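So for the sequence shown, our numbering puts the first residue at -3; every next one is plus one.
It is worth saying that the hints were derived from the structure and are not from the lab. Small disclaimer: the values here were computed from a predicted structure and weren't measured. In this text, a Cβ means the ideal position worked out from N, Cα and C, and glycines have one as well. Warning: the hint list may mix true and false statements.
So the derived label-pair ranges between C-beta atoms look like this [to be verified]:
(1) 227 x 280: 27 to 33 Å
(2) 283 x 128: 24 to 30 Å
(3) 288 x 68: 42 to 48 Å
(4) 53 x 216: 48 to 54 Å
(5) 153 x 114: 30 to 36 Å
(6) 156 x 53: 20 to 26 Å
(7) 260 x -2: 30 to 36 Å
(8) 238 x 114: 37 to 43 Å
Here are the simulated lysine-lysine pairs, DSBU-like style, with alpha carbons at most 30 Å apart [to be verified]:
(9) 305 x 181
(10) 83 x 166
(11) 166 x 226
(12) 239 x 209
(13) 212 x 238
(14) 230 x 181
(15) 83 x 172
(16) 172 x 239
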Amino acid sequence: MNFERYEGTRDAYGATLAALGHEDERIVVLTADLAGSTKTDLFAKEHPKRFFNMGVAEADMMGVAAGLAMSGYRPFASTFAVFATGKAWEQVRQVIAYPNTPVRIVATHAGLTVGEDGASHQMLEDIANMRVLPNMTVIVPADAIEARAVTRFVAGYDEGPVYVRLARAKFPVILKEDYAFELGKASTLAEGTDVSLFACGVMVSAALQARDKLAKEGIFVEVVNVSTIKPLDKETLLASAKKTGAVVTAEEHQVSGGLGSAVCELLSEELPTRVVRVGVHDRFGQSGSADALITHYGLDTSGLLAAIKQVLRQ
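The task is simple: from the sequences and hints, build the whole structure.
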């Protein structure tokens, strides 16, 4: 599969958020001195009275966001994933998740594709940190189109807190412009009979490329975009696993605690199935270009091909 267009999910988020600000005066945006990087500066320019730069004080930002939500506003709190889900985790737990406060935590710069900023900023544990919290919804858009749809969805979602994981790098646009996001629903992008490949985020485009390569060898892979990690679409995943009898998961995250763990938990309880997890295996990242890091850690198309053939051998 040849991708004709690349776009950043954070860019899609920033532009959509600025547009939403004209549609709903309850939307307020907070950042921790990273407006340019999170693209929330677009909202700040158009809605300066509803934009709050909290400085390098992520814990305070989460507390203020919770207070605004409790006062009837619809807050978006944005910073890098390592700060949103690491530095401020206690505040997220105590004043957002525990009281089920509808704060939209939209974090950028997640995963290895942060690139040259290195291990200190390459957050590979954020899905695990957020997935474990009661009341927290976790979403990882597959491309810029889904990022736009998710931003619009969460802007009107008042049932509880949401964590949305976005990237720094630009990656392929794979969905159609009329794509409609549905919370808790995984979407099957390609049908297959031999292996189910469950992927999220940047790994969805790699999954589609791997599928095309294997089709030439007579191996037919079913590719499922699992953008909602929590709540997990049990019905779709179980149906796919039952059909193929073999599963590979793919995520730009530690293999522990993220999508792979969620899938293994589901299958072990309801449909024991062979699973190989593609992700980072109990290691930190390092400085390098996004593409070089994806290759080094085995998250590229070659890594997926090897995992698929491994699960078939088993």
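30 Å Cα cutoff - pair residue 230, residue 181: holds, 9 Å
If you check the beta carbons of residue 53 and residue 216, does the distance land in 48 to 54 Å? Given range 48 to 54 Å: holds, Cβ gap about 51 Å.
Do the Cβ positions of residue 283 and residue 128 conform to the proposed distance bound of 24 to 30 Å? holds, 29 Å
For the range 30 to 36 Å, tell me whether the beta carbons of residue 153 and residue 114 fit it or not. Cβ of residue 153 to Cβ of residue 114: about 34 Å, so the range 30 to 36 Å holds.
Is it true that the C-beta distance of residue 260 to residue -2 lies inside 30 to 36 Å, as the hint says? Holds - the Cβ-Cβ distance for residue 260 and residue -2, about 33 Å, lies within 30 to 36 Å.
Looking only at beta-carbon atoms, does the pair residue 156, residue 53 fall within the given range of 20 to 26 Å? holds, 24 Å
Given pair status - residue 238, residue 212, alpha carbons within 30 Å: Holds: residue 212 and residue 238 sit about 24 Å apart, inside 30 Å.
Just to be careful, I want the Cα atoms of residue 172 and residue 239 compared with a cutoff of 30 Å; is the pair within it? Given that 30 Å is the threshold and the Cα spacing comes to 26 Å, the pair holds.
Decide if the proposed pair is consistent with the structure: residue 83 and residue 172, CA atoms, cutoff 30 Å inclusive. violated, 36 Å
Return holds or violated for the Cβ distance of residue 238 and residue 114 against the range 37 to 43 Å. This hint holds: roughly 42 Å between Cβ atoms.
Would the hint linking residue 166 and residue 226 be met if the CA-CA limit is 30 Å? holds, 25 Å
Is residue 239 within 30 Å of residue 209, Cα to Cα? holds, 21 Å
In this structure, only the earlier hint numbered 15 is contradicted, and the remaining ones agree with it.
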